[in-house]
Amino acid sequence: MPGKLKVKIVAGRHLPVMDRASDLTDAFVEVKFGNTTFKTDVCLKSLNPQWNSEWFKFEVDDEDLQDEPLQITVLDHDTYSANDAIGKVYIDIDPLLYSEAATVISGWFPIYDTIHGIRGEINVVVKVDLFNDLNRFRQSSCGVKFFCTTSIPKCYRAVIIHGFVEELVVNEDPEYQWIDRIRTPRASNEARQRLISLMSGELQRKIGLKVLEMRGNAVVGYLQCFDLEGESGLVVRAIGTACTLDKLSSPAAFLPACNSPSKEMKEIPFNEDPNPNTHSSGPSTPLKNQTYSFSPSKSYSRQSSSSDTDLSLTPKTGMGSGSAGKEGGPFKALLRQQTQSALEQREFPFFTLTAFPPGFLVHVGGVVSARSVKLLDRIHNPDEPETRDAWWAEIRQEIKSHAKALGCHAVVGYSESTSICEEVCILSASGTAAVLNPRFLQDGTVEGCLEQRLEENLPAGCGFCHIPYDELNMPFPAHLTHCYNCRKQKVPDVLFTTIDLPVDATVIGKGCLIQARLCRLKKKAQAEANATAISNLLPFMEYEVHTQLMNKLKLKGMNALFGLRIQISVGENMLMGLASATGVYLAALPTPGGIQIAGKTPNDGSYEQHISHMQKKINDTIAKNKELYEINPPEMSEEIIGSPIPEPRQRSRLLRSQSESSDEVAELDLSHGKKDAFVLEIDDTDAMEDVHSLLTDVPPPSGFYSCNTEIMPGINNWTSEIQMFTSVRVIRLSSLNLTNQALNKNFNDLCENLLKSLYFKLRSMIPCCLCHVNFTVSLPEDELIQVTVTAVAITFDKNQALQTAKTHAEKSLQRASTDNEELLQFPLELCSDSLPSHPFPPAKEHLESASSNSGIPAAQRAVTVEKASPVGEGNFRNRSSPPCANSTVGVVKMTPLSFIPGAKITKYLGIINMFFIRETTSLREEGGVSGFLHAFIAEVFAMVRAHVAALGGNAVVSYIMKQCVFMENPNKNQAQCLINVSGDAVVFVRESELEVVSTQQPTANCQPACAGGEVTT
Amino acid sequence: MTSELDIFVGNTTLIDEDVYRLWLDGYSVSDAVALRVRSGILEQTGATAAVLQSDTMDHYRTFHMLERLLHAPPKLLHQLIFQIPPSRQALLIERYYAFDEAFVREVLGKKLSKGTKKDLDDISTKTGITLKSCRRQFDNFKRVFKVVEEMRGSLVDNIQQHFLLSDRLARDYAAIVFFANNRFETGKKKLQYLSFGDFAFCAELMIQNWTLGAVDSQVDDMDMDLDKEFLQDLKELKVLVADKDLLDLHKSLVCTALRGKLGVFSEMEANFKNLSRGLVNVAAKLTHTKDVRDLFVDLVEKFIEPCRSDHWPLNDVRLFLNQYSASVHSLDGFRHQALWDRYMGTLRGCLLRLYHD
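Those sequence lines, one after another, are chains X and C. In terms of UniProt numbering, the first sequence has 362 at position 362, counting the first letter as 1, and numbering is strictly consecutive. In terms of UniProt numbering, the second sequence has 161 at position 161, counting the first letter as 1, and numbering is strictly consecutive.
Check before you lean on any hint, since a few could be wrong.
As the list claims (entries may be wrong) - Which residues of chain X face chain C? A partial, calculated answer using Cβ under 7 angstroms:
| id | residue |
| --- | --- |
| 1 | Y543 |
| 2 | F725 |
| 3 | G931 |
| 4 | I937 |
| 5 | F941 |
| 6 | A946 |
Honestly, the hints are just simulated from the structure, not real lab data. Fair warning: this is a prediction, and the values are worked out from it, not measured in the lab. Glycine included, C-beta positions come from ideal geometry on N, C-alpha and C.
Bound-form chain X, shown alone (with noise of 0.2 angstroms):
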């Protein structure tokens, strides 16, 4: 009996009136974990009920604690029919498991019903004492921490980057089960929901089962997803990549203890965690051919579980000695086979990171992709969820190829999605072939001297723009220059990845959001028709998807492409392509050259004219973006680089393959052959097309800019002012004669207005820049087309960017303020490597001394951050907002990316991950398809608030909605939409707020001031 949890119902209010008769409501709560269920008194006419219930207790294996939410429901008596329910809360209890995260859940949580949405709220407290398990074959995993944060979460440091981690569950979905032609849609509704919460539980233990048995902590992004595969089941499947974090200070230390009487015990389980300090001194015995058993009745995952990933690796002991200081060459050759090693053992070299440690990521290869069609058939047993997991196999292992043959062994910024429609899926796969230095992937400390040597080799900024691939033996024709920045390595012409740009490239000018947008009509079939005529499709999409992407970039004056993400969803009759990504100009990278149109029919006049007319508004439009987004490279003349510029080609970055379900690869070069480089031909109408749809793109109105990575490249003066927003949008296509350039016209004009629409709402934010703009797209039904984004807007100081000469102080000012952990921890690692070349050496004893005394970290570390950055108190106090006046609901931001401008994260409360469904069967009632669903994610958002205010936090960071599928159906006055949401909670203090208490109290203990008063109810 490893775990008691227990729960206090409070007090309820703004109840919904239930009895017609009274105005008023009869109302108890019933609180179920597992099969136990406690009841609450009845409060009698109330609908501000004060219940003041005891503790119930529930007595439960911690291998339940992670899988089962607490589903707590609220009541009407009725004497003499059943009782009405009012509502019901999940509380998913696994930010209490690990010791660092949060120790109580407190607070008020909104009631939700899934036909009436929101009804009042309840005051919930609900704590866990966990007792020790030594149980080796234990199913639990409790104690490791989830991340679904990108890149190391800020007040950790990275020991070891294991790697991939990935595993799915199956399941029959309730509401194809038999029993629903009978249930109400409430019932159907609840019992899905409580079924997915009840398969993430599961999933994440599993895949914490499965970082334990590699030795690490935590898992650093964490993607979740749901397939819904209707008749055929419902699958719920996450990656992500497992490290050891070392928490670089402990606020969690200093805490009010008060809430948690359980602490100690909590800390006993934590304590099994391999400690990363004591346990890289030593060589580990290759563990990696021990498999660990489950016991079979319960384990869903492959066969192949343990073999995934590697468990250790052997040291590589001397590896690095007497290749001294030489040119990159040798070393990069060294490298290559160190980090070939540290990889090969994996079955997967795969990283959902986006963001890197510094000195992680060596070189960056190019975008590799993979996509296959299958065929949906039901799950018949959910316990061998095999063929789920085969298909997926198969793509990670072309990717893997891919990345391969771009000469690199990792593959980073990975992830997976799927698109489906009726029996049909598409499955994709995509990341960013990368060479890693393998510091990170194994014990570090051997090491040290090689790692020192590469990074003085590595030139800052532009190293990883560098080939990773044979220069005389390239996988596809590309064209390579020596880089412009240290004019030693050879660099490609053009950049695609999915990874968030590095801190320290070197970029010129601002970057901007690019879209390639592409529909593809099809024709309606059944199954194994279906699908090849879709894999039929999908190189020609990916094709003019890639080209889009090129001709965009080039329009922009631009060469580098990060955080492609090409999404290919599928409907009845039509396949729809979008491509995002954010633009920008790599100093390190060739300037691009630009955009000629050639006609085919050369003896035309008129026609020339046209061209020449056409070739001139291109030409003016490359211009204005240059001078748009301040790019202005140094002239560089011909000589100085020395290699002679061979024609130029347009090539791809791209590798990538569809499959069928036949298996049949078919690998796709999107290099356009011998054509000359960025080169339009008009030969007719469609190509025509093409270009107009170029200019079309609006820039966005001044003072706004968008992008969809982490941050703004140019942009480095935020404000605390961040507005993070979800807009939905579905149109109607009028279905007479669709065409491909109407449906183009049709979506191009559908994501140009939504963009529009928000420049004009946010206008009151301006200077802001959009970012992490995430667009989704889908067809629910024949004619319908669904786009939904999520982003953030974030205002930036005008006065500071219009400073261009900007001092590197001021750079490193504001790396410190987004990403002041790394910046502190790279000192750290280096002492711990103990080198003498020591950047801060008077800072050394004084960071040490931070992170171990857990005291007074926070602190602490703002004295040294300002320390590395003269600059640092006038900014600081600028940036510093007026604190909000009283309000009795503490206030919770969302943001889609890692980091809160302006504010310091100094504690992760655990993951957060809610589905909901909410259905009507009054639609008009509700204000129509757009009352319906905007009043949803309200709710939405306010649920997720809710929980993370309870938790004790103040914010969610890196928040996604990654499914929002809506149903109508107006002729019956009915819809149904299902969202799900996930980010990190987390407790954020305010720099201001920081440097207030470290200049005049250094001592004080800060931290809890803004969560305290969230955590009392």
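Add chain C to chain X, keeping to what the hints say.
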């Protein structure tokens, strides 16, 4: 291509003050869009009409969802669905409960019943305020009335506590509630020259001095109902005009004191008895509910109009009323000095406020 669904939801609820104003004023989405276009917003922002339409719809939807909460403002503060900064919450509430002068003059003193609600059409036509806005304002009056009636304690405090209004607005609502409760007639043609502010001023004075709350702060409706006992007692003042000697004495005292100080002395002297009779008879009649309702009509008829026809300057009216009230203290045969002060103190304030063109 038609837009089936188009929404924008922010973590912090976006409130556009201009659109809120249009919504409160009861404009339809298309009217609001037209008005916004006229304001030149398209030129300023480079947006298209479609964008404006979508934006307006979105805000209207938000306001519609917020309206339920605005009916009980403390709910807006405690709810979790819309994250709105406190300053914005205050703005939402204050603007929602704000009312139009033209509208309030139409319903002031009327029973806040279904019957009156039916007349809103006419009021809308007459004032040019949209019917929707009239309904909102009327419902606000009624809602506040329902909540605070039969409540203990200060009327203004109760309103402020339950509707979180600013002090000024809460005082205005207190006046509206007070007038509605006592059904003072304000709609007569004679009273048309008076503003809501004039009545609100009088209401405040009457609440302070003439209600139950003026003597006892522990009863229900203390600020809403006039002190019945006090009204009953007012009959005693009749002696001031019924007793000829007393009336003459009063007149001579006032005339002696004001001789040479008043520009309209001769008119005052000639009219003294009429004016005094008017003021005292108003007091004596207040035992009847109907006469209470006609209080303002009577005051205007019996005092303000005669003075105005003789072109009394406001300062002369003030000097006269001061002397008129004070002189009573020197009348030896008169025993109801305290009653007289409670009555006249308030009445003097009211009359001075009401005396204008």
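Quick rundown of the hints versus the structure:
Interface restraint check: X:Y543 against chain C, minimum CB-CB distance 26 angstroms, threshold 7 angstroms, status violated. At about 4 angstroms, the closest approach between the beta carbon of X:F725 and any beta carbon in chain C falls short of 7 angstroms, and the interface hint on this residue holds. The interface hint given for X:G931 is met, as the beta carbon of that residue sits about 6 angstroms from the closest beta carbon of chain C, less than 7 angstroms. For X:I937, the suggested interface contact is upheld, since its CB lies about 4 angstroms from the closest CB of chain C, less than 7 angstroms.
Given the 7 angstroms rule on beta carbons, the hint for X:F941 holds: about 6 angstroms separates it from the nearest Cβ of chain C. Interface restraint check for X:A946: the shortest CB-CB distance to chain C comes to about 5 angstroms, inside 7 angstroms, so the restraint holds.
In summary, the one numbered hint that this structure violates is 1.
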